[in-house]
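S.K.: Starting from the known structure of chain P, fit chains F and Z onto it as the hints suggest.
As you go down the protein sequences, you meet chains P, F and Z in turn.
Our numbering applies: residue 1 is where the first sequence begins, and numbers increase by one.
Our numbering applies: residue 1 is where the second sequence begins, and numbers increase by one.
Our numbering applies: residue 1 is where the third sequence begins, and numbers increase by one.
Hints listed in this document are in silico derivations from the structure and should not be mistaken for laboratory results.
As the structure is a prediction and not an experimental result, all values here were calculated from the model.
Fair warning: there could be bad hints in the mix.
[Claimed, not checked] Now the in silico label distances, taken between C-beta atoms and shown as ranges:
#1 Tyr111/F - Ser21/P: 28 to 36 Å
#2 Arg13/P - Leu94/F: 31 to 39 Å
#3 Thr28/Z - Val105/F: 42 to 50 Å
#4 Leu76/P - Met216/Z: 41 to 49 Å
Where a beta carbon is used, it is the ideal one built from N, C-alpha and C, also for glycine.
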Amino acid sequence: MHTDPAAVRKSVRLYVTIGVSLLVFTAITVMANRLHFVVPIAITVAIIIACIKGSMVASVFMHLSHEKKWIYGALLLTIVFFIFLMCIPLFTIMDTIGTPVRATPIEHAGH
Amino acid sequence: MNIPYTVEERPDTGLANGKLGIWLFLASEVMLFGALFSTYIILRVGATEWPHGELNIPLGAINTVILISSSVTMVMAWASLKMNEWGKHRLYLLATFVLAAVFLVNKYFEYSAHFATGEGPWHSTFLAIYFTMTGLHGLHILGGMIVMAYFLGPGAKLWKTNPDQFANRIEYTGLYWHFVDLVWIFLFPVLYLL
Amino acid sequence: MDKSATHHPTVAHPHVEHAHEELGFWRTYVFSVDHKWIGIQYAVTGLLFLLFGFTLMMLMRWQLAYPGRPIPLIGGLFGQDKAPGGIMLPEFYNQLGAMHGTIMVFMGVVPLAVGGFGNFVLPLQIGAPDMAFPKINMMSYWAYFLGGVTMLASFFMPGGAAQSGWTSYPPLSVINQGQQTMWLIGMMFLITSSLLGSLNFITTTVQLRAKGLSWMRLPFFVWAQFVTSFLLLLAFPPLEAAGILQLMDKVAGTSFFMPSGLVVSNRIVTSMTGIAQGSVASGGGNPLLWQHLFWFLAHPEVYVLILPAMGIVSEIIANNTRKPLWGYRALVYSLVFLGFMSFIVWAHHMFMTGMGTTMSAFFQTTTMIISIPSVVILTALLMSLVGASIRFTTPMLFALAFLPMFGIGGLTGLPLGLAPSDIHLHDTYYVIGHFHYVVAPGTIFALFGGVYYWFPKATGRKMNDLLGQLHFWGSLVAINLVFFPMFIEGLAGMNRRMYDGGAQFAHTKSVLYWNVVQGYAAWALGLFQLFFIVNFFMSIKWGKAVDRNPWEATTLEWAAPSPPPHGNFLTEPIAYRAPYEYSVPGAAKDFTPQFEPERA
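Here chain P stands alone, though its shape is the one from the complex (with noise of 0.2 Å):
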């Protein structure tokens, strides 16, 4: 077991951390909205702070921070085509022929 008593019983104190600075991250997050920025930098924060969130959760609370070769392998694999992946909006919208498939321009954020 790569985890013995006494380094769980530390990290525990770790696991509460995280989960209180989840739970601070998403008030922040809530508060943001608030503001009502525009809708790129709102976007832009809000994937910020889902993406800190995310690391913390991967890292400890999933033991990414400390795992085998293998694990980081396979996911960096899958990372590697999620990517691809995130790039077929982009296909379907880049470089068509004719008229592009947004009609109408956007004129203002929000309804």
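M.R.: Chains F and Z only, in chain P's frame:
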């Protein structure tokens, strides 16, 4: 016949079979939800207008809090096994299960509010992707609950005969559960806030 | 990659080894967790689906050769909604086309190549007692089985089976009246099955390799299955997502793939027709999204079809040339590169969708790049033949035929990978000819070779050689007569998916007679498969009994008894050397197995 490395780790990879297996499963889940996020972007970019404020932000925020808390209790359930505290483990696992159930109850209220006004997934592409993504996520919650129920019930017997294997199983359940939490961490801002 | 020799734990297992567990009939033959039996279940089910898919094709070939003529003998069996008076309706033809593709790819070739051969051979070749997760392995088979049942059931439901091709492009797939919903549900089962299978294969290969079996000592077949599993693991989920979205379009009235203002037969269609929802569906979806998500799976899927075949062929060639494979390392690196690249070529299926030149240029470049490792593999296998005294056994004949057949299939793919020529050839019989050359005389021949090659391991008996030779030569001639004329038809401009085989177009008049030739050839091909079927069942009972290593092969599976018992090996297998040590100078015999200890 025994399969090697179900409990102990293989020296050269440092892994037990289940650890690699669950991570590979999560890798494929990343691709599954990735495709849905990709779809979300395409629909949003292609839409002439995208609705805001259609969802109940407080309820969504509460659900976020619930899932994050359940992630903490889940990891504690595993940690207490490692520290050989069986009673605490039961408590934490039960707490995780209950939190998951509360999450689904909240989700039920959200869904029924939409259906009450006749705004189901057919109403707009936004609600379509909302229902699809949260629905699939909800199914994952349900799946996690079934696994936890198993380890609260008949699966718990393994602790007596093979505590290491039981701790491993709880760890793998935890990895899955944290992943479900992770997905929600992205779903919440993407669907509710933006 | 880890090169160090690996060790089973020296500590005693926590469980006491049960000497011999007697399992009942159900646990032994139906819900078995033994990888060998699951492999056989997969293989037999896969072969049955191949046969079923083949019969669908025979019906289509009749209609193409003699449009509008009643189907002889069995025409009356299909009923009024499919073939009134024995004359095939266009809707029925479309069902046959869609289901032929689906069945052959997802329920025939992949389950046989990966589920069948992978399950049976891979744990044996790496010296493992079983797969890493035997119960998940069993679930994988039963998910596949349920998927197959769902697909078959759709033929008998109102509206018949799915009608929109194996690619199921929306909006057509969403609005047509066939059982597209059943198709999607069936695909969910099949995707689940391959997900469970692939994570099992990867874990098994990483974790359960025998002592001494380092990565560069793995048989090429194991490498092929390993890379294939990664393709299945990471490429299938996007299709699952797309399937969920299309299912929502079908049953929940969403419009993920349904654009606004779509007009079909002078009516505006916003979502699926026929089902009234609470309100009108929204529109605003994107049909191209399906194509991207579909081909994100389906291009890697092409390599899922071909890589295990390459693995099988390599094993057979090394064994029958009595030489090590030429360029083992180059083969492995090409294979890994091929697997990786297969994820970033998908849009070469979509040159006709209005993609601009930048995108086309990117995807045709990656497509040309991916042809390089394929050529490396083919070349290395050809070079393995040079200077060998080849044993022309039945499996070897199939393996040898694979090389030129796959060569034709691959080379005819190049014009399809380049946008300018693809725009001319797209959606013609040329495309059909191309991918059938890859899959039918390519992959399926390799799979037949594999059946002949590993049959003695599975049953302890050899298949009959004479029947095997008849099967081979007959199939080789017939299959080329079916598929080669497709290039001619396609270049003449005959479109695929035409219910009348192109009879309505003036420009294809000059090539229509090929449809009749192909019809006869398809029947001949079917007849020659009878030799295989008879041989298969006859040999189980009356084949020549053999010992554990009848082909004098070197890889680990031949160290186990034939058929291997539960747990596979009588003593723990250890790999002492590289996988293909044939004709080692100075050795007493012309093969030195991996499992044979070094003499002091």
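S.K.: The structure should be examined with respect to each hint, and the outcome stated for every one.
M.R.: Going down the list of hints, with the structure as the test:
no., hint, in the structure
1, Tyr111/F - Ser21/P: 28 to 36 Å, "holds (30 Å)"
2, Arg13/P - Leu94/F: 31 to 39 Å, "violated (23 Å)"
3, Thr28/Z - Val105/F: 42 to 50 Å, "holds (45 Å)"
4, Leu76/P - Met216/Z: 41 to 49 Å, "violated (22 Å)"
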